[in-house]
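Residues 250 to 1035, numbered by our numbering, are exactly what the sequence shown covers, in order.
It is worth saying that the hints were derived from the structure and are not from the lab. Watch out, some of these pointers could steer you wrong.
Stated by the list, open to error - For lysine-lysine, the following DSS-like pairs were computed, each having C-alpha atoms within a straight-line distance of at most 25 Å: (1) 667 to 538; (2) 881 to 780; (3) 653 to 667; (4) 778 to 662; (5) 320 to 426; (6) 725 to 818; (7) 778 to 818; (8) 634 to 653; (9) 662 to 881; (10) 496 to 596; (11) 897 to 720; (12) 685 to 818; (13) 320 to 480; (14) 873 to 788; (15) 936 to 825; (16) 780 to 662.
Said to hold, decoys possible - Taking CB as the label site, the calculated pair distances span: (17) 338 to 964: 49 to 55 Å; (18) 865 to 433: 19 to 25 Å; (19) 376 to 907: 37 to 43 Å; (20) 834 to 729: 46 to 52 Å; (21) 253 to 595: 42 to 48 Å; (22) 879 to 355: 44 to 50 Å; (23) 376 to 550: 31 to 37 Å; (24) 334 to 642: 41 to 47 Å.
All values derive from a computational prediction rather than experimental measurement. Where is the CB? At the ideal position from N, CA and C, for every residue including glycine.
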Amino acid sequence: MLTNRVEKLRDRMRETKPHICIERAQLMTEFYRQCSCDTPMLRRAKLLKYLLENMTIYIADDELFAGNQAKEYRGVPVFPEFGANWIMDTIDTFSTRPTDPLMIGDEEKKQLAETLEFWRDSSFKELVDEKLTPEVLQAEQLGVLSVGSRTTSTGHVVPNYPRILSIGLSGVIERAKEKIAAVEYVNHDTQRQIDFWQGVIIACEGAIAFAHRYAKLAREMAEKESDEKRKAELLQIAANCGNVPEKAPQSTYEALQFFWFMHLIMQIETNGHSIGLGRFDQTMYPFYKKDLEEGRITFDQCVEMIECLWIKITEIIKVRDDFDAQAFAGYPMWQNCAVGGVTPDGKDAVNEFSFCILQATSEVKTTQPTVSFRYHDNIDKNFFKKALTMIQDGLATPAMFNDKLIIPLVLSKGATIKEARDWSIEGCVENYVTGKTDGRPVVGYINTVKLVEFVLNDGIDPLTGRQVGIKTGDPKTFETFDDFMAAYRRQMEYFTKLMCDAYNVVGACQANMVPALLSSCLVDDCIEKGKTLQEGGAKYNFSGSFITALANAADSMAAVKKFVYDEKKIGFDELKEALSVNFEGHERLRQMLLNGAPKYGNDDDYVDEIARQIVESAVDEVEKYPDSRYGKYVLSVLSQSFNVLQGKSVGATPDGRFAFDALADNASPVMSRDVNGPTAALRSVSKIDQFRPLIGTLLNQKFDPVIVKGEKGLEILGTLVRSYFDEYGEHVQVNVVDEETLRDAQVHPEKHRNLMVRVAGYSAYFIELDKDVQENIIARTAQQGL
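Generate the whole structure from the sequences, applying the supplied hints.
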């Protein structure tokens, strides 16, 4: 049950609309107006220190943790160095756009526009866009693919919190000084390393100064506070901030404050997303256990602290352009927290702090952080039941992940067995070694069903008439379905290379222009190598790419195989004519395509094998290329809410779908086409060979609450998870909600403020999603049993 404190903090967060804060933009522009011959490495470090020493700070009523990302509560800072033109172009629509609006007043608009003029045509995004080819920009514009990370420095990273907590930032500074002192010969390469280590020292000093500012503020507030209880709380906050992150924490409370400072400052530095908590229960348990044994904390007190921290984490939002706001609807930040799993020695890792996390998450009902449950056959049964109960109650969390598959996946990425057992999620479903990996944010999304359009039209986009894909021939000349699939593979080959080449440009520019010093020193082995994350400093380096609309592509090709090749009921001319007019006058044909061909999600090898080949082709192509750090490109099957946005770029398709309708989400079947129950759907998804997409396969399932109520319902949910994981599925997330509730929330949002749904690898408040995404979630098949 929520305490009064937590209830007040959560209500304030839910009642305060996110709004743009211009202070960071003004401060960093003020900093960059000063002439300097510093290298970008040192300049970025000094910028972070300048921001942390000068940004407005406050401690709100009832808060237990100090640290804010903006001048005002729920303010969203602007990062003009990463993008200026697009903000100026859309500044008048931020408050009114249907997806993820951000409030901004007229005076703030004026001041922001004046500040952004300094960055016109010279921010990171504009400079990188100039380096991308017309072919990739056109493909992006037409919804074929995307190229990410042009408005950020880094993300998809988890610090090595056990290491950092054990030495404090003073220990990091000391190690950087040792590395500088050990340099025997200075040349271009070693000077760049020296700049990195000096930058680490500067960034860490800035973080320590930031904490000390809060310590001073808390003491000043305590002197004026008349309420003795709050005075004591403020003095404790002052003591915490005086010690951490400079030194190692001595209690659970200090450890949580240390974490929050690091998590927050990384955000302030990078404008990143998917900055993870790692294995939070494993990191924090030693502090909790010691406090518990010495009588300094109780289970309930710990739960309240976590709830307060979860609210702070949910306050973090970033400014996105209209395209990204639609592609990632619901203000997500993918701040992922792993619980459960096994220890590096292979034993069940569940501890009492694990239960604290689930209890806090179930009570506070925030959309962040995203909680990921690591399941294995010997998992603590009570812990598993607690997680299933949360799902049964409609909380849309935690998401379930499979140790049986993921540990081998992490091993195949080069980890030792102990490292592989220590995995956590960076992003949605992307599994990596905790604290030692740079997972690199969002290479891009390739729209697989758009590639089917290109195969049907010899590489021409039927919506614009442009030659966007490569010429793979008139499909009438394909003698077999294997020829059709070969043409599809050629389109995938072309667009994968186009995307990876473009992302290498982005990555190289990040290393040279916007290195992240604090974030780098928190991840192994950046300090030892003398390299930033952007240069490949982490022990393991990967760049994650994604494919979307898998089910539509598989269903479309299954229809072509069945009716054009196997049964010869239609020809390509007739099919293309029907698609070109959006099936107008061809309803009989549409019904045949829609209802007569096998559909992915029903345990039918005919179509499931095609889905497997689609994934295989994507993996085969993306893994050909090294990234800009000599790391490896890897694949995940997921879409976020790109499936809604990209659907608007795809005409009618051979699966019977009308033009511009939303596409299937993630690795899930097309909405309402998986008619044989959840077990059949899970079997279909498991057949795509989830050992191949090395960073995961995201699956959504939706159940009617009536079907999963009571102990019988828990058994159904548990069987669902276990059976899928026995088939080597990586991930499944479950929404338990009926259509009536969702429809009522559309009409009466004030009655459903805390109704959460799972969108992709994140949860969102349903009433904060735009109508298209809401409808897409409502349309998901509501399973009625196993």
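Taking the hints in turn, this is what the structure says about them:
no., hint, verdict
1, 667 to 538, "holds, 23 Å"
2, 881 to 780, "holds, 18 Å"
3, 653 to 667, "holds, 14 Å"
4, 778 to 662, "holds, 20 Å"
5, 320 to 426, "violated, 34 Å"
6, 725 to 818, "holds, 14 Å"
7, 778 to 818, "violated, 63 Å"
8, 634 to 653, "holds, 19 Å"
9, 662 to 881, "holds, 9 Å"
10, 496 to 596, "violated, 31 Å"
11, 897 to 720, "holds, 24 Å"
12, 685 to 818, "violated, 55 Å"
13, 320 to 480, "holds, 23 Å"
14, 873 to 788, "holds, 21 Å"
15, 936 to 825, "violated, 30 Å"
16, 780 to 662, "holds, 21 Å"
17, 338 to 964: 49 to 55 Å, "holds, 54 Å"
18, 865 to 433: 19 to 25 Å, "violated, 50 Å"
19, 376 to 907: 37 to 43 Å, "holds, 40 Å"
20, 834 to 729: 46 to 52 Å, "violated, 30 Å"
21, 253 to 595: 42 to 48 Å, "holds, 43 Å"
22, 879 to 355: 44 to 50 Å, "holds, 49 Å"
23, 376 to 550: 31 to 37 Å, "violated, 50 Å"
24, 334 to 642: 41 to 47 Å, "holds, 45 Å"
In summary, the numbered hints that this structure violates are 5, 7, 10, 12, 15, 18, 20 and 23.
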